[in-house]
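Engineer: The residues making up each chain are set out below.
There are 6 protein chains.
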Amino acid sequence: MRISIFRKGHFNSAHQLAVPSWSDEKNKEIFGKCANPNFHGHNYELVVKLTGDVDPETGMLINLKDLKELIKREIEDRFDHKNLNLDCPEFNRLIPTAENLCFVIWGILRKKLDQKLDLTVRLFETERNFVEYPAS
Amino acid sequence: MRISIFRKGHFNSAHQLAVPSWSDEKNKEIFGKCANPNFHGHNYELVVKLTGDVDPETGMLINLKDLKELIKREIEDRFDHKNLNLDCPEFNRLIPTAENLCFVIWGILRKKLDQKLDLTVRLFETERNFVEYPAS
Amino acid sequence: MRISIFRKGHFNSAHQLAVPSWSDEKNKEIFGKCANPNFHGHNYELVVKLTGDVDPETGMLINLKDLKELIKREIEDRFDHKNLNLDCPEFNRLIPTAENLCFVIWGILRKKLDQKLDLTVRLFETERNFVEYPAS
Amino acid sequence: MRISIFRKGHFNSAHQLAVPSWSDEKNKEIFGKCANPNFHGHNYELVVKLTGDVDPETGMLINLKDLKELIKREIEDRFDHKNLNLDCPEFNRLIPTAENLCFVIWGILRKKLDQKLDLTVRLFETERNFVEYPAS
Amino acid sequence: MRISIFRKGHFNSAHQLAVPSWSDEKNKEIFGKCANPNFHGHNYELVVKLTGDVDPETGMLINLKDLKELIKREIEDRFDHKNLNLDCPEFNRLIPTAENLCFVIWGILRKKLDQKLDLTVRLFETERNFVEYPAS
Amino acid sequence: MRISIFRKGHFNSAHQLAVPSWSDEKNKEIFGKCANPNFHGHNYELVVKLTGDVDPETGMLINLKDLKELIKREIEDRFDHKNLNLDCPEFNRLIPTAENLCFVIWGILRKKLDQKLDLTVRLFETERNFVEYPAS
Numbered sequence: 001m002r003i004s005i006f007r008k009g010h011f012n013s014a015h016q017l018a019v020p021s022w023s024d025e026k027n028k029e030i031f032g033k034c035a036n037p038n039f040h041g042h043n044y045e046l047v048v049k050l051t052g053d054v055d056p057e058t059g060m061l062i063n064l065k066d067l068k069e070l071i072k073r074e075i076e077d078r079f080d081h082k083n084l085n086l087d088c089p090e091f092n093r094l095i096p097t098a099e100n101l102c103f104v105i106w107g108i109l110r111k112k113l114d115q116k117l118d119l120t121v122r123l124f125e126t127e128r129n130f131v132e133y134p135a136s
Numbered sequence: 001m002r003i004s005i006f007r008k009g010h011f012n013s014a015h016q017l018a019v020p021s022w023s024d025e026k027n028k029e030i031f032g033k034c035a036n037p038n039f040h041g042h043n044y045e046l047v048v049k050l051t052g053d054v055d056p057e058t059g060m061l062i063n064l065k066d067l068k069e070l071i072k073r074e075i076e077d078r079f080d081h082k083n084l085n086l087d088c089p090e091f092n093r094l095i096p097t098a099e100n101l102c103f104v105i106w107g108i109l110r111k112k113l114d115q116k117l118d119l120t121v122r123l124f125e126t127e128r129n130f131v132e133y134p135a136s
Numbered sequence: 001m002r003i004s005i006f007r008k009g010h011f012n013s014a015h016q017l018a019v020p021s022w023s024d025e026k027n028k029e030i031f032g033k034c035a036n037p038n039f040h041g042h043n044y045e046l047v048v049k050l051t052g053d054v055d056p057e058t059g060m061l062i063n064l065k066d067l068k069e070l071i072k073r074e075i076e077d078r079f080d081h082k083n084l085n086l087d088c089p090e091f092n093r094l095i096p097t098a099e100n101l102c103f104v105i106w107g108i109l110r111k112k113l114d115q116k117l118d119l120t121v122r123l124f125e126t127e128r129n130f131v132e133y134p135a136s
Numbered sequence: 001m002r003i004s005i006f007r008k009g010h011f012n013s014a015h016q017l018a019v020p021s022w023s024d025e026k027n028k029e030i031f032g033k034c035a036n037p038n039f040h041g042h043n044y045e046l047v048v049k050l051t052g053d054v055d056p057e058t059g060m061l062i063n064l065k066d067l068k069e070l071i072k073r074e075i076e077d078r079f080d081h082k083n084l085n086l087d088c089p090e091f092n093r094l095i096p097t098a099e100n101l102c103f104v105i106w107g108i109l110r111k112k113l114d115q116k117l118d119l120t121v122r123l124f125e126t127e128r129n130f131v132e133y134p135a136s
Numbered sequence: 001m002r003i004s005i006f007r008k009g010h011f012n013s014a015h016q017l018a019v020p021s022w023s024d025e026k027n028k029e030i031f032g033k034c035a036n037p038n039f040h041g042h043n044y045e046l047v048v049k050l051t052g053d054v055d056p057e058t059g060m061l062i063n064l065k066d067l068k069e070l071i072k073r074e075i076e077d078r079f080d081h082k083n084l085n086l087d088c089p090e091f092n093r094l095i096p097t098a099e100n101l102c103f104v105i106w107g108i109l110r111k112k113l114d115q116k117l118d119l120t121v122r123l124f125e126t127e128r129n130f131v132e133y134p135a136s
Numbered sequence: 001m002r003i004s005i006f007r008k009g010h011f012n013s014a015h016q017l018a019v020p021s022w023s024d025e026k027n028k029e030i031f032g033k034c035a036n037p038n039f040h041g042h043n044y045e046l047v048v049k050l051t052g053d054v055d056p057e058t059g060m061l062i063n064l065k066d067l068k069e070l071i072k073r074e075i076e077d078r079f080d081h082k083n084l085n086l087d088c089p090e091f092n093r094l095i096p097t098a099e100n101l102c103f104v105i106w107g108i109l110r111k112k113l114d115q116k117l118d119l120t121v122r123l124f125e126t127e128r129n130f131v132e133y134p135a136s
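Residue numbers (this note's numbering), protein chains in the order written: chain A, 1 to 136; chain B, 1 to 136; chain C, 1 to 136; chain D, 1 to 136; chain E, 1 to 136; chain F, 1 to 136.
Next comes chain A alone, as it looks inside the complex:
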């Protein structure tokens, strides 16, 4: 009787993709327009997936009010209207690619959720580019 529940969130952030030890030329070659040192930005869409057993009394896997609040407090308030490179210590030494941002979000939520629940995070950078961790 294991089921998965999904809840969406969103935040709008600026970022730059570049390896600090590389030259501007190499960063531009590898990261293209994403290497712009003045930053660009995205409307990130997040899908949090939790898997576990439904409580037979309430018919719920998790209270969606609590999950919505958790996503707001831990993810949206942290990253919304921020510069991921400059404002967010999570990216002091980590390039804020969609892949790394997805890892970081997974790590933050994993610590706050009951260990009985499996967690997967899907992150949309644009409607056409997205990532998911862990891979299924």
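Just so you know, these hints were derived from the structure itself, not from any lab.
Listed next, with one range per pair, are the computed distances between beta-carbon atoms: (1) D:Asn38 with F:Gly32: 51 to 61 angstroms; (2) C:Arg110 with E:Trp22: 51 to 61 angstroms; (3) F:Asp77 with B:Pro89: 49 to 59 angstroms; (4) A:Lys116 with D:Arg110: 52 to 62 angstroms; (5) A:Ser21 with F:Lys112: 28 to 38 angstroms; (6) D:Arg128 with C:Asn38: 31 to 41 angstroms.
Here are some of the chain A residues that sit facing chain D, going by a computed Cβ distance under 7 angstroms: (7) Phe39; (8) Asn43; (9) Thr126.
Cβ atoms here follow ideal geometry from the backbone N, Cα and C, with glycine treated the same way.
Starting from the known structure of chain A, fit chains B, C, D, E and F onto it as the hints suggest.
Structural biologist: Relative to chain A, chains B, C, D, E and F alone:
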């Protein structure tokens, strides 16, 4: 050569979330606005996923005309423009949460489909809240 | 330099469509499944459109934070997770069709907005059915 | 026989909303999180609407290949993966609100299009916030 | 008290864009890939907009069941899974551009609707290309 | 640290579904309107999913610029504005059902991608019908 095919359906229903043996206060505390005794409602979106082997002659896993008709007859006609609590015997003793509604839909379709086909049901209660059974 | 700004909102409600003075048969004939006396429901999507002149200093027509808060306080809190027929005095004598709900929302917002701003309300009952008032 | 044709485009940019002559406190009070001096960003969606008469021989109002190319060259290449405040001279003295960005895009396209065609630009900053110029 | 109501429809068709009296080279130059003599195709999305006065007794502008049925019978059944050039006499002498298809649909529906209702048709050829007649 | 990355593509094509050795009557019985010998068409949407390990230096699983270019060159340029039955040798002996088109796309991309990356292809024939290979 196993492939999955997906077909969407939709229905609009009213429901209330409450444990009958609980007080109104406790139901409101746990289910929040969803406990409104006068009901609220949703545009439910359904994604039926079937997995199996493609017929080499027709190049089809299942005839989509038949799947569309099955979803209409067994799910849409049953739940569309209904009150899940009052009109649908499936919820006489079951709270119509998204989780339980997903189980019920899975059970109805499972009996009508060839056992060679694996079945997964994803149910959207809103664009931001959805569930999937069985969990992958 | 007149511009229009749009802001979306949403709420989930139950309703029934029926003329109280008509027989059940006539209501069923005219309103079809929408006449179900036990109610059904929808995820309503709302688009509020305001038209006026941009403030040359701020570059804004209206502060979107204020508009978002107005829609939440006046519309979403009023109709979300409610039964339009039973819980909302606006529909004591008015059938909660999409058309009438759109008029009601327009009337509520019109009183709260600066008269220099023109107001149009678009209301989606489903993705495929929607209305707009006033007509353009 | 006047018809309208619409073509979508998109670009991803960073920006900050602040009046340079105001204090940080006043900018934060008016623009909220959008005043973050380190910038944030958006996936902008653009809808260009042209109105005019259809060529009776080709059945076209305008060649969509040309319109797509114009939007790419004049708008997407100019603003995509840019910081609107720092990289784009259009905003040297203009705050890059959605309203002002919509005016700027309209002005750029207006100069490049046949005067026989009426032009309207709709710009989505997020899925829930958008503007249109000129107002209809 | 004039309001607009919208109803969506859809159909999937093949077509080719070419002026019969032109050379293949000129057709390819003007219509690009759309001139492929073996046809290509689209999932067309249709939005029918009607404007008029709401019936004060029913709260409806038009019965949506009737409008849905009209769109199915007159438009979807006529064009769905058809080759617009070969199967549809409407395009014997007319190139099936989005513009012309929109005119044709408008003309078909106009004859079937009460003259008290104003009619506008929006037709999506793809998510990024669409037309509307008459122009507003 | 295995992650999945997704990239969307799209193409517009015509096709017909029919078994050559069957009678017209049998093809119409099994394939319905899809058997129209004059073809119909679709806006196909494609989601390419790659799974593997992220490069710790760049924070990327694969360079999205390269993946976007690969999808354009190998899939979109091959199938866009084509008749799958007449123009595409892949379907000389294969019926272009969604299932078979998904297999074909998977086979084309599989040869061009690093063997360390797992590949899944999801193909939308319409918004309501789609397939995925391999099945998860």
